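Number of protein chains: 2
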Amino acid sequence: MNKNAPIGVFDSGIGGLTVAREIMRQLPEERIVYFGDTARLPYGNKSKDTVIRFSKQIVRFLKTKQIKAIVVACNTASSYALDALREDEDIPVIGVINAGARTAVASTKNGKIGVIGTVGTIQSGAYNEVLKELKPDVEVFGKACPLFVPLVEEGLFHDSVTDEVASRYLSVLKEKYVDTVVMGCTHYPLIRSTIARIMGSDVTLINPAYETAVQLRTLLRSMEMNCDEGQELTLDEKYQFYVSDMAEKFRDFATSILPEEVKKTVQINIEEY
Amino acid sequence: MNKNAPIGVFDSGIGGLTVAREIMRQLPEERIVYFGDTARLPYGNKSKDTVIRFSKQIVRFLKTKQIKAIVVACNTASSYALDALREDEDIPVIGVINAGARTAVASTKNGKIGVIGTVGTIQSGAYNEVLKELKPDVEVFGKACPLFVPLVEEGLFHDSVTDEVASRYLSVLKEKYVDTVVMGCTHYPLIRSTIARIMGSDVTLINPAYETAVQLRTLLRSMEMNCDEGQELTLDEKYQFYVSDMAEKFRDFATSILPEEVKKTVQINIEEY
Chain A
1 MNKNAPIGVF DSGIGGLTVA REIMRQLPEE RIVYFGDTAR LPYGNKSKDT VIRFSKQIVR
61 FLKTKQIKAI VVACNTASSY ALDALREDED IPVIGVINAG ARTAVASTKN GKIGVIGTVG
121 TIQSGAYNEV LKELKPDVEV FGKACPLFVP LVEEGLFHDS VTDEVASRYL SVLKEKYVDT
181 VVMGCTHYPL IRSTIARIMG SDVTLINPAY ETAVQLRTLL RSMEMNCDEG QELTLDEKYQ
241 FYVSDMAEKF RDFATSILPE EVKKTVQINI EEY
Chain B
1001 MNKNAPIGVF DSGIGGLTVA REIMRQLPEE RIVYFGDTAR LPYGNKSKDT VIRFSKQIVR
1061 FLKTKQIKAI VVACNTASSY ALDALREDED IPVIGVINAG ARTAVASTKN GKIGVIGTVG
1121 TIQSGAYNEV LKELKPDVEV FGKACPLFVP LVEEGLFHDS VTDEVASRYL SVLKEKYVDT
1181 VVMGCTHYPL IRSTIARIMG SDVTLINPAY ETAVQLRTLL RSMEMNCDEG QELTLDEKYQ
1241 FYVSDMAEKF RDFATSILPE EVKKTVQINI EEY
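Protein chains in written order, with the working numbering: chain A, 1 to 273; chain B, 1001 to 1273.
Be aware that one or more of the hints could be misleading.
What the hints assert, rightly or not - Quick list of in silico lysine to aspartate or glutamate cross-link-like pairs, DMTMM-like style, CA-CA up to 20 angstroms:
| # | chain 1 | residue 1 | chain 2 | residue 2 |
| --- | --- | --- | --- | --- |
| 1 | B | K1048 | A | E248 |
| 2 | B | K1048 | A | E139 |
| 3 | A | K56 | B | E1271 |
| 4 | A | K249 | B | D1049 |
| 5 | A | K109 | A | E139 |
| 6 | B | K1143 | A | E154 |
| 7 | A | K48 | B | E1271 |
| 8 | A | K174 | A | D202 |
| 9 | B | K1143 | A | E153 |
| 10 | B | K1249 | A | D49 |
| 11 | A | K143 | B | E1154 |
| 12 | B | K1056 | A | E271 |
| 13 | B | K1056 | A | E272 |
| 14 | A | K48 | B | E1248 |
What the hints assert, rightly or not - Across the chosen pairs, the derived CB separations fall in these ranges:
| # | chain 1 | residue 1 | chain 2 | residue 2 | range |
| --- | --- | --- | --- | --- | --- |
| 15 | B | D1083 | A | Q26 | 41 to 51 angstroms |
| 16 | A | E154 | B | R1217 | 35 to 45 angstroms |
| 17 | A | K176 | B | R1086 | 50 to 60 angstroms |
| 18 | A | V172 | B | S1160 | 46 to 56 angstroms |
| 19 | B | R1086 | A | E164 | 37 to 47 angstroms |
| 20 | A | L233 | B | D1137 | 57 to 67 angstroms |
| 21 | B | D1083 | A | N269 | 16 to 26 angstroms |
| 22 | A | E272 | B | E1089 | 17 to 27 angstroms |
| 23 | A | E129 | B | E1272 | 27 to 37 angstroms |
| 24 | A | L134 | B | D1083 | 52 to 62 angstroms |
| 25 | B | A1196 | A | L134 | 45 to 55 angstroms |
Keep in mind that the hints were calculated from the coordinates and are not lab data. Remember, it's a predicted structure, so these values are computed and weren't measured experimentally. The beta carbon of each residue, even a glycine, is placed where N, CA and C say it ideally should be.
This is chain A alone, in the form it adopts within the complex:
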């Protein structure tokens, strides 16, 4: 296994770029191959079997790029497909659920944790399971927020409609007096300020992207698989972006949230893998 090989990162679309961004910040020497399944997004309202099938196709594609590890940068795919991917693969696979859950458990004082996410993430019970493994006496309150993704994709970050929808979704968590809320969907940090204002300043919001990059760094070091420092790579060699549709729109969005301009995004037919 080549320690200078890239890390494969995937998501149903653009949301996972928030995870890629954290990896770029915390592990600046690592190479990344990112795949966004823009032809079949969103995953949040699809079945477990379908999300597993899509995830396996994506991993087969990423492995053609000789990756050394896989980051499932999508909460729905992490909830449904992580075990299935790990069974098949000979390289490490990490998701966003564990990282988010660990931070939440470390943060809560009253033992009441809220989790917001897609219908798939909440129905899977994945956060609930991991949180209770880490700390059996926590109380976990899940709430699916299916309109958050379309509202974010419409750019309504600071808007009365988003305020109203968020107030309704979050009221059940406020009633339970949670002191910690996991933003269990990679789109949600983009409306963090709205969620924070509604939940109030006593509630800690957890963004699993940050902790996922910490976990990846620890893993690579423990396996002595981190990249050599001081490699001379162009940006195109270092970070590669692939999508299943709308390459140009993706590239523009990626440029808007990543530290460097994304010059190239390649569209592939993921169904062939």
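Place chain B on chain A using the hints.
For chain B alone, coordinates are given in the frame of chain A:
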């Protein structure tokens, strides 16, 4: 060609059932094979090439059921893929755009027509093109309403959030004094009352589903391809439903809007076609 063969009807998901329902009402002797691409929905924000590729896969599947005609019951697929499908096929292919456009042209008095739909339907300019072919001096004002589908799928038919979003989207059409609005997405008739209230009682709303069934009847009669009357078929023989994901959820929704209970929905892997 067998005149008692079924008609193939497809959509990205559930919306096309409103077209299937009209066919059931107006052509009660016809058999239908419906396919909803629930694993890859929505189509509205995907590229033309991808929508054409998906549509061709679906037609290949439907043809395994010996259909005699195809109804593209999805505005985005009708906008992007109709010409490509017609080139390939030896059986008639009809979409929802022509039907909706014809009714709109017949309805307008001041020649100002609004069209609302997905990003794909509006960007394609398909309604604009057909409307101007039918009546060159009409003025067409398109407005994409990307939040309508998620709001409908959340069941917010009569809700202050839907009112607010609809007011914003429709204000540009009100400013142009359109007297006719085409509901160019099969989900929109489900929030017809909200759209009607905002546009006002002087504005006619067009639902292309009705007119599509009229066009299908005319076509079948002109080809002498309509089913024999008085066939003894069970409901399962008459109407078949296939999806690419979430068969049970689809079946429940179909039962809620169709005149008869849907007992069976079969999930297939559309990517194999």
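Which hint numbers does the structure go against, in order from smallest to largest?
Failing hints, ascending: 2 and 18.
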